[in-house]
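*Asks:* Residue strings, one per chain:
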Amino acid sequence: MTELIMSVDLPESAIQVLGFLSKNGPTPPRDISRKANIPLRTVSYALRTLMIKKLCHKVPNLGDMRRPLYIADQEKSRAIFMKYGSIMV
Amino acid sequence: MITPESLFKRFEQITKQLALENLQSDGGDSVSVLLETDWVRVLLLKHNTDSRIVSIEVESYLPDFVEKGTDSDSVEKRDMVEVVNGMIAHLQYLLKLRTSGFNLEFIGPDYLWTATRDIDETLDLDFFEVIIPPIDTWSDSKI
Numbered sequence: 001m002t003e004l005i006m007s008v009d010l011p012e013s014a015i016q017v018l019g020f021l022s023k024n025g026p027t028p029p030r031d032i033s034r035k036a037n038i039p040l041r042t043v044s045y046a047l048r049t050l051m052i053k054k055l056c057h058k059v060p061n062l063g064d065m066r067r068p069l070y071i072a073d074q075e076k077s078r079a080i081f082m083k084y085g086s087i088m089v
Numbered sequence: 001m002i003t004p005e006s007l008f009k010r011f012e013q014i015t016k017q018l019a020l021e022n023l024q025s026d027g028g029d030s031v032s033v034l035l036e037t038d039w040v041r042v043l044l045l046k047h048n049t050d051s052r053i054v055s056i057e058v059e060s061y062l063p064d065f066v067e068k069g070t071d072s073d074s075v076e077k078r079d080m081v082e083v084v085n086g087m088i089a090h091l092q093y094l095l096k097l098r099t100s101g102f103n104l105e106f107i108g109p110d111y112l113w114t115a116t117r118d119i120d121e122t123l124d125l126d127f128f129e130v131i132i133p134p135i136d137t138w139s140d141s142k143i
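One line per chain: the protein sequences are A and B, in this order. Using our numbering, you'd call the opening residue of the first sequence number 1 and step up by one each time. Using our numbering, you'd call the opening residue of the second sequence number 1 and step up by one each time.
Simulated from the structure, these hints should not be mistaken for lab results. Hints should not be assumed to be uniformly reliable.
[Said to hold, decoys possible] Simulated crosslink set (DSSO-like; lysine-lysine; CA at most 27 Å straight-line):
hint, chain 1, residue 1, chain 2, residue 2
1, B, Lys9, B, Lys46
2, A, Lys53, A, Lys23
3, A, Lys35, B, Lys46
4, B, Lys9, A, Lys35
5, A, Lys35, A, Lys53
6, A, Lys83, A, Lys35
7, A, Lys23, A, Lys35
8, A, Lys23, B, Lys96
9, B, Lys96, B, Lys9
[Said to hold, decoys possible] From chain A, some residues computed to sit far from chain B (all C-beta separations above 10 Å):
hint, residue
10, Val8
11, Lys23
12, Pro29
13, Lys54
14, Asp73
15, Glu75
16, Arg78
17, Met82
18, Tyr84
[Stated by the list, open to error] Label-pair restraints from in silico Cβ distances:
hint, chain 1, residue 1, chain 2, residue 2, range
19, B, Ala19, A, Arg48, 24 to 34 Å
20, A, Asn61, B, Val83, 38 to 48 Å
21, A, Lys35, B, Gln13, 17 to 27 Å
22, B, Asp79, A, Lys83, 50 to 60 Å
23, A, Lys35, B, Lys9, 20 to 30 Å
24, B, Leu91, A, Tyr45, 19 to 29 Å
25, B, Thr3, A, Ile52, 42 to 52 Å
A quick note: this is a predicted structure, and the numbers were derived from the prediction, not measured. Every residue, glycine too, gets a C-beta built ideally from N, C-alpha and C.
Using the sequences and the hints, build the whole thing.
*Replies:* And the structure:
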């Protein structure tokens with residue numbers, strides 16, 4: 001898997017969002033935007049990229065079904081940060 | 001109350017600060033909050049790859065008291081007409097931004113919209129008049 005991860009190219013915004021999710025756990029997009037000071041549009045784009053590359057996934061938010069939570073794949077995240085260096089937000 | 005003059009003044013403060021940071025750092029993009037209300041957040045974005053100031057990004061969303069619909073101080077205890085009127089006013093606000101050159105984008109199912117415009121010209125007070133939200137409860141604590 002590490003070899004596969006090493007071939008993944010990510011924009012800086014996606015690495016920032018992945019770092020935030022790895023550190024803070026499941027979070028809805030608007031909260032990522034506010035707490036990490038990243039524009040909502042950038043967060044949305046980053047999450048789409050991370051989902052396509054299977055670095056995070058979306059789960060229902062039982063407290064508020066309108067605001068799904070995003071969760072980082074911790075093992076893949078570690079491999080990503082080995083490649084890019086740690087950018088924890 | 002937010003005025004075009006107060007927004008312009010804050011815009012100037014932020015752009016000066018961004019210019020200083022640009023000299024001191026070769027880091028990534030800069031993001032600053034120009035204003036924030038319960039319904040709207042207006043951001044200034046300066047891209048590291050392009051020294052020109054800036055993009056303005058308006059984010060429009062439902063207020064927290066609407067989203068947390070099951071909490072004790074939720075919308076159930078508020079005037080629903082107030083919430084609906086707020087939504088209508090902000091949809092019209094988004095249309096006004098589009099007329100002024102902003103690109104609209106629908107972000108998510110929880111009523112998240114953004115309006116974005118690149119700024120590569122000198123701005124006048126008319127521009128800041130346009131970006132004042134319809135419900136303009138200015139919250140200094142959020143800036």
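*Asks:* All hints, please: hold or fail.
*Replies:* Verification of the supplied hints:
1. With a C-alpha separation of about 18 Å, the suggested pair lysine 9/B and lysine 46/B falls inside the 27 Å cut-off, and the hint holds.
2. The straight-line distance between the Cα atoms of lysine 53/A and lysine 23/A is roughly 19 Å, inside the 27 Å bound, and the hint therefore holds.
3. Between lysine 35/A and lysine 46/B the alpha-carbon distance is near 19 Å, which keeps this suggested pair within the 27 Å criterion.
4. A hinted pair counts as satisfied when its Cα atoms are at most 27 Å apart, and lysine 9/B with lysine 35/A qualifies at roughly 26 Å.
5. For the hint pairing lysine 35/A with lysine 53/A, the CA-to-CA distance comes to about 24 Å; that is within 27 Å, so the pair holds.
6. A C-alpha spacing of about 25 Å is found between lysine 83/A and lysine 35/A, which places the hinted pair at or below 27 Å, so the restraint holds.
7. Straight-line distance between C-alpha atoms of lysine 23/A and lysine 35/A comes to about 12 Å, which keeps the hinted pair within the 27 Å bound.
8. Under the criterion of a C-alpha separation no larger than 27 Å, the hint pairing lysine 23/A with lysine 96/B is inconsistent with the structure, at around 39 Å.
9. With a C-alpha separation of about 22 Å, the suggested pair lysine 96/B and lysine 9/B falls inside the 27 Å cut-off, and the hint holds.
10. Against the 10 Å criterion, valine 8/A stays outside the reach of chain B, whose nearest CB is about 19 Å from its own CB.
11. The beta carbon of lysine 23/A sits about 18 Å from the closest Cβ of chain B, which is more than 10 Å, so the claim that it is off the interface holds.
12. Once the 10 Å rule is applied to beta carbons, proline 29/A is inconsistent with being away from chain B; the minimum gap is 6 Å.
13. Non-interface status of lysine 54/A relative to chain B is upheld: no Cβ of that chain comes within 10 Å, the nearest being about 21 Å off.
14. Distance to chain B confirms aspartate 73/A as a non-interface residue, since its nearest Cβ pair spans about 21 Å, more than 10 Å.
15. No Cβ of chain B approaches the Cβ of glutamate 75/A within 10 Å, the least distance being about 26 Å, so the stated non-interface status holds.
16. Arginine 78/A, annotated as away from the interface, keeps every beta carbon of chain B farther than 10 Å; the closest lies near 22 Å.
17. Its beta-carbon lying about 20 Å from the closest one in chain B, methionine 82/A satisfies the requirement of being farther than 10 Å from that chain.
18. Residue placement check: tyrosine 84/A keeps its beta carbon more than 10 Å from all beta carbons of chain B (closest about 13 Å).
19. The hinted window of 24 to 34 Å between alanine 19/B and arginine 48/A holds, with their beta carbons roughly 32 Å apart.
20. Between asparagine 61/A and valine 83/B the beta carbon distance is about 21 Å. The supplied range of 38 to 48 Å is therefore violated.
21. Checking the proposed 17 to 27 Å range against lysine 35/A and glutamine 13/B shows it holds: the Cβ atoms sit about 24 Å from each other.
22. The beta-carbon spacing between aspartate 79/B and lysine 83/A, approximately 53 Å, falls within the hinted interval of 50 to 60 Å.
23. A hinted range of 20 to 30 Å for the beta carbons of lysine 35/A and lysine 9/B is consistent with their spacing of about 27 Å.
24. Under the hint 19 to 29 Å, the C-beta atoms of leucine 91/B and tyrosine 45/A, about 23 Å apart, fit the expected range.
25. Distance hint for threonine 3/B and isoleucine 52/A: a CB-CB separation of about 44 Å, consistent with the stated range 42 to 52 Å.
Of the numbered hints given earlier, the model fails hints 8, 12 and 20; all others are met.
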